[in-house]
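Chain by chain, the residues run as shown.
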Amino acid sequence: MSYTPTMFLSILPEVLLLVLGVILMIVEPFWKGEDRRNAGWLTAGGLLAIMAVSLLASRPGEPTMVFGGTLRYDWLGFFFKMMFIFGAAMTALFMMDHETLGKRGESYILLLAATLGMNLMAASADLIMLYLAIETTSIPLYVLAGFMLSDERSTEAGFKYLLYGALTSTVMLYGFSLLFGFAGTTNLYDLASMTVAGQLPVGVALGLVVLIVVGLGFKVSIVPFHFWAPDVYMGAPTPVAGFLSTASKAAGFAVLTRLFIVVFPDISYDWASILAVLSAITMTLGNLVAMKQRNIKRMLAYSSVAHAGYAMIGVVAVSELGVTSVVFYLLAYIITNLAAFGIVMAFGRITGSDEIKDYAGMSRRSPGLAIAMLVAFLSLAGMPPFGGFVAKVFVFAAAVQVNMVWLAVVGILNSIVGVYYYLTVLKVVYLYRMEGENEEAHPIPLTRPYAIGLVVLTLGILLVGTIFAPWFGFSGAAALNLF
Amino acid sequence: MTFPILSIIVFTPIVAGMLILLMPAQRKNEVRVMALAAATFALLLSIWVYFTYDSNAAGYQFQETYNWLPALGIGYHVGVDGMSTPLVLLTGVVMFTGVLISWGIEDRPREFFAFLFILASGVFGVFVALDLFQLFFFYEIAVFPMFLLIAIWGWIVTREYAAMKLTLYLFIGSVVSLVGALAMYWVSYQNTGVLSFDMLQLEQANFSEQFQIIWFLPVFLGFAVLGGIWPFHNWSPDGHVAAPTAVSMFHAGVLMKLGAFAALRVGIMLLPQGAQFWSPLVMTFAAIAVVYGAFIAFMQEDMKYMIGFSSVSHMGLVMLGLSTLNKTGLTGAGVQMFSHGVMTALFFAVTGMIYDRAHTRQIPELGGMSKVMPFAAIGFIIGGLVSMGMPGFSGFIAEFPIFMGVWYVQPWVAIIASISIVITAAYIMRNIRDVFFRPMPENLEGHITDVNVLDKVAIVTVCVLMIVIGLFPRVMVPMVQTGVDNILRLLGGA
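In order, the protein sequence lines correspond to chains X and B. In terms of my numbering, the first sequence is residues 46 to 528. In terms of my numbering, the second sequence is residues 445 to 938.
Looking at chain X on its own, in the form it has when it is part of the complex:
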């Protein structure tokens, strides 16, 4: 295997992530006291710089296999990588003023390690590489979820996430090993030719699909593999929950889309039917249960389950527009949900509460934060001019295009339920008052990292929702790589 510049460029973001991690480890011990939160500035700034450098220097051209076919250097992977790095940068900002995460260098290094794993997940073209990448992602996240050792809920969250993750990834690994056993290769693109040539019996292939869906379904939290999500989101430190619900979910989708569309093209009707049913159930259950929640993090957890269902609509369309719409959906969703968790974090830090009823009077306590919340929640509800609207229209359009009108209708019925509970929260924020208190005497000051992060994300939501041609172009380039 000879070295080519392409090889280096293909893993440039990952190399830089590693470099950033090393720099962080060297610099971090020199900061004392309050200064230790500077690690957050370094991480966020470094991640954004990595994003800029990668966008300038390592944009992929024609898809190529690198490192002996373990990684594929293409737009699909690249666009997802950029989303993960952006998500991590925002998460680092939100971590800075968290009481336990903020001043601990380890938390940022774990974040970088997880991001590195996600990047490899999005690019890997080989079962072994894929599995390693998934574990590289998961293990730091287990630790981060249980980071607050003195908090029982956080410990529970970390442990629960670990148990679920370990179990489902074992099932998936079993699927991988069978796949290897039947086909004699671990390369996804070689596997593809085997299944197309009919060397893999259809029944076996479907069985393998089911095993793999278990592992990836856990990552993207679709029903019935979603049970961990509400407890983990509620217990984990809020920035980590935000990261889990966005970047980690998107990474799952990156693998899911590539794996199924590349490896099992000729039984696409069968697995798409399975996923279509799961998608319908996921949306419905997620939304209906979200409606009943009193804790905002649990509500966002169920809402993120529902959103996995919407995004899945694009996957089951198994078309170029379908994949484009998934990628676009995830982009809009990552930005929106990060904003939502950022707001919950900023609010909870001052008030010490995540109960929806305590959001009463928020628009008087902090009008700016309330506007950000309005934008984020309306985007989640799928209202224009915010990103969520176009994203939903695209996935529904993809479903109608392939004559899956029923799934689009299920999605639309669900978004009505969604509108109801998102608006209910906004009602509390804007309409209700604090009992017997003067709200203006209880402001919610935003520290600088929150202010920056939320402004960037709010503008991002508007940008994705109004000027969507460039993002759609990138998503389309990513989708083109699969067909």
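Just so you know, the hints here were simulated from the structure itself, not pulled from any lab data. Just so you know, nobody snuck in bad clues.
Only part of the chain X face toward chain B is listed, based on derived beta-carbon distances under 7 Å:
1. 429
2. 445
3. 457
4. 461
5. 464
6. 468
7. 475
8. 513
9. 517
Values in this document were obtained by computation on a predicted structure and should not be read as measured data. Built from N, CA and C at the ideal position, the CB exists for glycine as well.
With the hints as your guide, set chain B onto chain X.
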């Protein structure tokens, strides 16, 4: 490239709204002045558009086209025809008067005007949209601020219930239409090979008759929910009652037209054969709304509920006009949209003025208002005459052709629907007698003050419009007719 006047009209309110949000919360007066300046600017531009629209040339004018997402054929395409030009003017008028009426709002006026202006942008955007995607985009923008405006600044008793009911009704309606729109989009692509949301393109898509018959009802009714069509009108009176005055004005004056207009533009114009097939059903629904709405309005003791149901009745007339699918009826519907818009805005404005002073809207508890607020009384009476369809006012110019158009198609329906004229006259005159000319109840004596200058400006503006159109129909009717000719061309005939 021509001057992008329509885009400026569409984006003026939303940009002003954003700027208002950036102002400090305590500077309430500056916020109001800024709002008034933006509203005046938008009104002047819409007047400009109205008077420079060339009725002889007809067709879509002031067009602008930009690529929004070429890969999917989504464009930003605006333009107005004889149908939408009056509605743009209407929106400008209601926005302007709405700001004047809301001058006294003390609770977070910054957010109030910002949300109101986002709503206004959405409304302008729908009226000028020639691209189906863009139409939905602005349509939804017009829906969600209603929730906040009603829930936050509305009447404390019913606001939460009404706001949620309204939002869910409208959202369900619009997403049902959206599915139909997506179906049209893909079928048009199959038929013509052009991937486009542009409505002028979709007009030529040769949808099969079967396709049109299947999809007309969901698309038409989905939008018509916002037009208050029976049996989906239920949200509307509740919403009117719970909303603050300016929002009621917007809601009844403009938003309901949005529904009727979108139903016309997307339902009837893109699926004409479907419209012909289903027009008896639509006509039945509309006739029921006209008569039933009037009866329910007659039974109300709350002024706002009365006007709310009278809106259902009058919007029923619009739908009735649309369902005739002939030139007379459609022209009447077009004028009625404008006429009812200004009239009902006036009603809600006056009701709001009375409520602010007397703190009740119950007709039996009111009286003698003409002595203390003669200006408002005259305004309400003029509005009442319009509502009754009295010759010399815009209501006559609108309603007469509608009934005539219905007569051509179904004389019986015209006869039944005309019952509403009598009932309308009864409840309007009863209201005028009780509220304005009966001796004032003792508990109100001395507490009621006259309306202020801003209110007077608002009342004069709308009254002048109603009288001018009534006396000189040619300022509006020929323009609407050019729009109708275009619809008839699509319907293939006449």
